[in-house]
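The chain contents come next:
2 protein chains.
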Amino acid sequence: MANKSKLFDDAVASLTSLPGIGKRSATRLVLHFLSRPQEEAIDFVQTIENLVKNIKYCKKCHSIADDEICPVCASAKRDQSFLCIVESVRDVMAIEETGQFRGVYHVLGGIISPIEGIGPEDLNIETLKSRLQEDGIKEVLMAISPTIEGETTIYYLSQIIAPLGISVSTISRGVSFGGELEYTDEVTLGRSILARLPYNIDKE
Amino acid sequence: MANKSKLFDDAVASLTSLPGIGKRSATRLVLHFLSRPQEEAIDFVQTIENLVKNIKYCKKCHSIADDEICPVCASAKRDQSFLCIVESVRDVMAIEETGQFRGVYHVLGGIISPIEGIGPEDLNIETLKSRLQEDGIKEVLMAISPTIEGETTIYYLSQIIAPLGISVSTISRGVSFGGELEYTDEVTLGRSILARLPYNIDKE
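Protein chains in written order, with the numbering used here: chain A, 1 to 204; chain B, 1 to 204.
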């Protein structure tokens, strides 16, 4: 394609740098912006600018918030003694979507990864320690991906938490609900046998 | 999901309004903006703002341009007597990608659609008439989608162009290259038989 417009190409390049947007989608988006009234695109960019300039992070859990403390940490309806440790805000959202967790969160802001040079000091662990000592936490659920880095992080944190007499659990791992055994990877299937659960006939 | 942040939800809603971006992708993009340095998002919004505020349209063909006249209309290498009429800038790009057209374009800015209330007066037809009379156009190729609205537009334009003694063609329609007959829709297959082409044994 002939290089028609630097402005156009710059906008396409900028959109292509975003996750999940290829050159074709980026071109489509740029043509969309150009086909709509200018105010629409201006509204759009102002919303994004407003977001990155004004977003706050909860002082307790480090999840996103409009105020000093997020609605979950501020809620009397949530069990403030049950703490779920997650890697990122994305995980908080995924768990909230399930509607199965009524406690509060602590966002680490990453996981321990020697390869990427991320150590415990780069994560929100100091504030975690304070909360464990001051907030009356009785149970900690570690909802961290079962990868090598995740397991390392879980092990590291359990060394800190267990001595405080707080019960520690991890999310269960195994075959997905609705998943078929033949399509489950070997490691997951193997571990789901080692970590088999007692079958409760009344509950099923 | 608990409504954590109005800023967050506004940004997701703004992104979801764009074509091809659903709620899940929008959330992912917002988290991406938040996970990167603030300057990156600011650069992004400035590129988009710069685009919509400063983009120009070629005075001759109405395609996008950084100057008064686009590079295609300004090029001595393009055949300025061979005019391709298209609906939108998107079509100019699609045709340029093929590398098969060496003439110049005229972007209508839409097609005649009584249902959507778009008549000839809403399209770039006055400037087309001037070009046909003043620019020494010898051939017009109508690269307009073979829909009902497209056919109406082609018919309308041919009534204007043919009396000027300019030859008029449309892009060929038929079975896609590499397409299989059994998956071709009936109308296309039927018309590809009616509009059959002489087989040139030397050329094949």
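Source of the hints: derived by calculation from the structure; they are not laboratory data.
As the structure is a prediction and not an experimental result, all values here were calculated from the model.
Treat the hints with care, since some could be wrong.
[Said to hold, decoys possible] Stretches of chain A that chain B covers, calculated by requiring three or more beta carbons in the stretch to come under 8 Å of a beta carbon on chain B:
1) 41 to 48
2) 70 to 82
3) 114 to 120
4) 165 to 173
For each residue, glycine too, the CB sits at the ideal point set by N, CA and C.
Enumerate the violated hints, using their earlier numbering and listing them in ascending order.
3, 4
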